[in-house]
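The listed protein sequences correspond, in order, to chains A and B. For the first sequence, position 312 (counting from the first letter as 1) is numbered 312 according to this note's numbering, and the numbering increases by one without interruption. For the second sequence, position 300 (counting from the first letter as 1) is numbered 300 according to this note's numbering, and the numbering increases by one without interruption.
Treat the hints as calculated values from the structure; they're not laboratory data. Incorrect hints may have been included.
As the list claims (entries may be wrong) - With a straight-line Cα cutoff of 27 Å, these simulated DSS-like cross-link-like pairs (lysine-lysine) come out:
1. B/Lys105 x A/Lys248
2. B/Lys54 x A/Lys201
3. B/Lys9 x A/Lys263
4. A/Lys91 x A/Lys5
5. A/Lys75 x A/Lys285
6. B/Lys54 x A/Lys248
7. B/Lys105 x A/Lys5
8. A/Lys192 x B/Lys9
9. A/Lys201 x B/Lys105
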Amino acid sequence: MVANKLPRGLIVDLITPLDDTGGIDREGLNAILAKVLPHADGILLAGPQMGEGRGLGPQFKVELFEKASAFVQGKVPLFFWISENSIEATKELLDHLKGILESTGYRGTIFWLDSPLAYHSNRGLYRYYQDLTAITDRAFVLYNDAGLIKLLEKQLKRGNIRTNILKDLSRIEKIVALVFRGSLTRVNNYQKALDRRPDFKIYDGDEARFLEHPSLSGIVSMGANLAPRIWSTVTRASLGVLEEGERKPGYLSQIWEMGQFLKDLMDMYRRNPVWTVKKALSDLKTIKSPACAAMTKAFEEEQSPLAEFIAKHHIE
Amino acid sequence: MKKGLSVIKQAREVLEIEAQGILNLIERIGSEFEQAVEMILGSKGRVIFTGMGKSGIVGRKIAATLNSTGTPSLFLHPAEAMHGDLGMVTSDDIVIAISNSGYTKEVTTIIPTLKGLGAKLVAFTGDPESPVARESDLLINVGVDREACPLGLAPTTSTTAALAMGDALAVVLINRRRFNSKDFKRFHPGGSLGDRLSVKIKKIMLTGEEMPLVCIGQTIEETLSEIDRKDLGASLVVDERLVLQGVVTDGDIRRSLLQRGDIMGLQVEVVMSISPKTLDEEKTAAEAVALMEYHGITVLPIVDKAKRVKGIVHLHGLLGGKEFRLNGS
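Assemble the whole structure, with the sequences as input and the hints as a guide.
Below, the structure written as structure tokens:
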């Protein structure tokens, strides 16, 4: 296995900039990457939330991976969401991505992010991951979000990885972390199940939870597309790793204000995050268009609640 | 009503997170913890805790627990360490550095000096790859998964975890030392330590004939004799109006003897420390202990506003090393 160090801190759940024809807005992608890179400890591409990974299609995902990795050049670890609608499609996508890595000789850190329950039940998951992890020498990160599974409207019994299944999965060395959205009780149970793997990280996938009770591994943040510097500062403060120079007198009140700002910002995009954030970035000329993938299109007609907020707070 | 429920829910969440933080430490206790215990048991020196901010407060509490259960311990403030307090560290000591991030600048700054002095270093940290962890002889992982306080405004679960790990260390040491009720009485002669330390100094200080006292102009030989007689390892030096002029310890005399040869006929002011730390008799024993631990001293002159000597307290006396008396006079 390629020894990849998991980042600790802010992982930006990157939007996928589209042009009006549905293709990748290459300039927009580079612009948003340039905006977040100085502040991010990791970048999630094609994620199931902000990255609209459920609506992109495998060919598009491969192209996105190629273009984004060419820009990032290993500066920060990349997380790429590989889950498709079936076991076969997921394996096929992973094969393609592996091919890109080999052909480009990409040396940067990559983690494959997977939501197994999007296409596989809890039953037999350990054996499945033995097969899947054998395809590539890069490590895997699980993504647990019962809300996402519910959205898929599949006839699945469970939206969460069962705790004892996660315990089994943690025996696979190549599975190194989990992004979690869900109840505090469940994440506590997960932590207990993982106590033989002190190296295993659990990232918060829920911004509101992180701002209240921060996971000390870090956060996968949607709002960081808009305010990466503030998210980075708040994340590092929450993890207790602020630089010496940042601990000036009164810094705690500044962190508090930044936290309040992020909560206000969150309230603006909470209901319809992808389109709202894209619209704001498009108004700021970071990306060409607020165009969304098919799954998100239905919400495009709303007036952006962020416009006034952005003007008031001078977000650039 | 809704607001009330929310408060209760929040408070429960905090307790749940902190409890989980401690539970997660259970599997992390391993061979390095055992080695730390053996290291402390085999040490001729003291266990010195260091840490900044809340970690420092946790260090002070663990040091107090170890002291009251038979393991000599003290706290070294990392910032003060760089201004002379490192002098209290010897090669026999074990330093336990508490830093959840493992990057605390004040702590990493003193580590090279601590190692240069020959002290062993144990890290209580949440990041095994941090500078504090890397530089340590042993690593006790006190990492937690989640803080209960929003935005990292104050460490919560992490300090609770460090404190609990300190308790684990203290209890294991008690059992390994076969610390029994007789020992406990020896270290807590006046009843509960807390009760005793809340007493005002004037109630417990040594006064009158029990004070080791010499006057300016007396010889070092006479001073040594006074130190020997009163058995506190030091003597106060006063003028004719009993105004404190300095303090001299047997260590001061020993060092001077080695440097200068025969000094017994010289006057005491040649070797005494001027401007010693002092305290008012209205302060509590706990404040006296804190001051002495902070400055690495074992005796403290008690003076009035005019600096006239009223009494003296000794660290061991306050913590139970000597028989505890409710009025020295």
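Outcome of the hint check:
no. : hint                : verdict
1   : B/Lys105 x A/Lys248 : 14 Å, holds
2   : B/Lys54 x A/Lys201  : 25 Å, holds
3   : B/Lys9 x A/Lys263   : 20 Å, holds
4   : A/Lys91 x A/Lys5    : 24 Å, holds
5   : A/Lys75 x A/Lys285  : 24 Å, holds
6   : B/Lys54 x A/Lys248  : 18 Å, holds
7   : B/Lys105 x A/Lys5   : 23 Å, holds
8   : A/Lys192 x B/Lys9   : 22 Å, holds
9   : A/Lys201 x B/Lys105 : 25 Å, holds
No hint from the list above goes unmet by this structure.
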